[in-house]
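*Asks:* These protein sequence lines map, in sequence, to chains A and B. Count along the first sequence from 1, then add 158; that gives the number in our numbering. Count along the second sequence from 1, then add 158; that gives the number in our numbering.
Note that these hints are calculated values from the structure, not bench results. Do not rely on the hints blindly, as some may be mistaken.
The list treats identical chains as one, so a pair stands whether inside a single copy or across any two.
As the list claims (entries may be wrong) - Each computed BS3-like pair below joins lysine-lysine, with the alpha-carbon atoms no more than 25 Å apart:
{"hint": "1", "residue 1": "K189", "residue 2": "K200"}
{"hint": "2", "residue 1": "K305", "residue 2": "K325"}
{"hint": "3", "residue 1": "K276", "residue 2": "K298"}
{"hint": "4", "residue 1": "K298", "residue 2": "K325"}
There are 2 protein chains.
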Amino acid sequence: MDLDLLREATRGQMPDRRWKHTLGVVETAIKLAERFGGDIRKAELAALLHDYSKAWPISRMEQIIREQGLPSELLEHDRELWHAHVGAWAVHAELGIADDEVLDAIRYHTSGRARMTKLDKIVCLADYTEPGRDFPGVEKIRKLAEKSMEEALIAGFDSTITLLLEKGRRIFPLTIDARNGLIEQLEANESQQSNVNGG
Amino acid sequence: MDLDLLREATRGQMPDRRWKHTLGVVETAIKLAERFGGDIRKAELAALLHDYSKAWPISRMEQIIREQGLPSELLEHDRELWHAHVGAWAVHAELGIADDEVLDAIRYHTSGRARMTKLDKIVCLADYTEPGRDFPGVEKIRKLAEKSMEEALIAGFDSTITLLLEKGRRIFPLTIDARNGLIEQLEANESQQSNVNGG
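The following block holds chain A by itself, in its conformation from the complex:
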């Protein structure tokens, strides 16, 4: 299926507001891929499809999670997370997307995961910072995203975790794994850097 048909198929899954957000994520993902040496074609594709199932009825998502062998622990966590896993399943089943990197970037765009790929980071960060986003701290995340996807994503996860703490809601363990993994990557980069400088 070519990109125009995929665009049309995706457009049909969601209301205008969500489609506008999707176009913002596509635009931002392409910029991030250019800035940080990512695969621009995959970034565009994953960004276009990232919210494919977001507007689907909860009951439909629940049925897919139960019947298609998606991680059942999803059902214990915030529904906000369901659409990412259901979306990865759906674009594979309905649109024939078979690129695992793209499917993973869709699957983990909300939670993150322990060892995020460059494409995971691009889609997740574009989702936090696309021009239509407005939440406390978004400007700081956009600023950090000019230099470091890791620092920007840590700030993004911090804002999500803080919100969940304030609301007394459960925190998805993958988000903690993701944040810990990004901190480790930064520390590894810094120690490499200081070896270079010191050597």
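Since chain A is already given, all that's left is putting chain B on it; use the hints.
*Replies:* Just chain B now, with coordinates in the frame of chain A:
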């Protein structure tokens, strides 16, 4: 070994300030056990021993983690967590404590864990709230501890997680599992309660 000898052995592992804290945790753990129907003898024992290895040199703790088969992932996390696992190993190896409930309460007193036992909760909460503790939010946690160990511990973990977010430090996944588990317990209690009231 009787309690007096254990007290003496523990006293010898730490400076005055830490010993004063230990006595505060013992006193608080006994009160919590009385208030919430816990095993008072085990609460006293686990509280007495909970910081047995806290003042040990980092190098000694690291050696024990490496040589005694303790979870090696500990080494990737904050050193603050090491003494709890090393302490459980040490009171078993050096003092002959063989009660798994007591050893677990020592092992998980800093991080918590997914399905905390009543004894885990007593020791962890006593450690947060003993009279010598003074940190932002401690009064709120003490107040909550009059009614619900679960609500008090969630507030305690919230304060720990918030501090780690502010400092840009890694969050131990067990703490997230612990907090999520406590929220689930509260939700289960509430739904039981509303069934009773509604039925």
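*Asks:* Please go over all the hints and tell whether each is borne out by the structure.
*Replies:* Hints and how they fare:
1. Taking identical chains as interchangeable, the C-alpha atoms of K189 and K200 lie at most 25 Å apart only when both belong to the same chain, with a minimum of 13 Å there against 59 Å between chains.
2. For the homomeric pair K305 and K325, the shortest alpha-carbon distance between copies (20 Å) is at most 25 Å, but the shortest distance inside one copy (31 Å) is not.
3. Taking identical chains as interchangeable, the C-alpha atoms of K276 and K298 lie at most 25 Å apart only when both belong to the same chain, with a minimum of 21 Å there against 42 Å between chains.
4. Within a single copy, K298 and K325 get their C-alpha atoms as close as 22 Å, and across copies as close as 16 Å, so both meet the 25 Å cut-off.
Checked against the numbered hints above, the structure breaks none of them.
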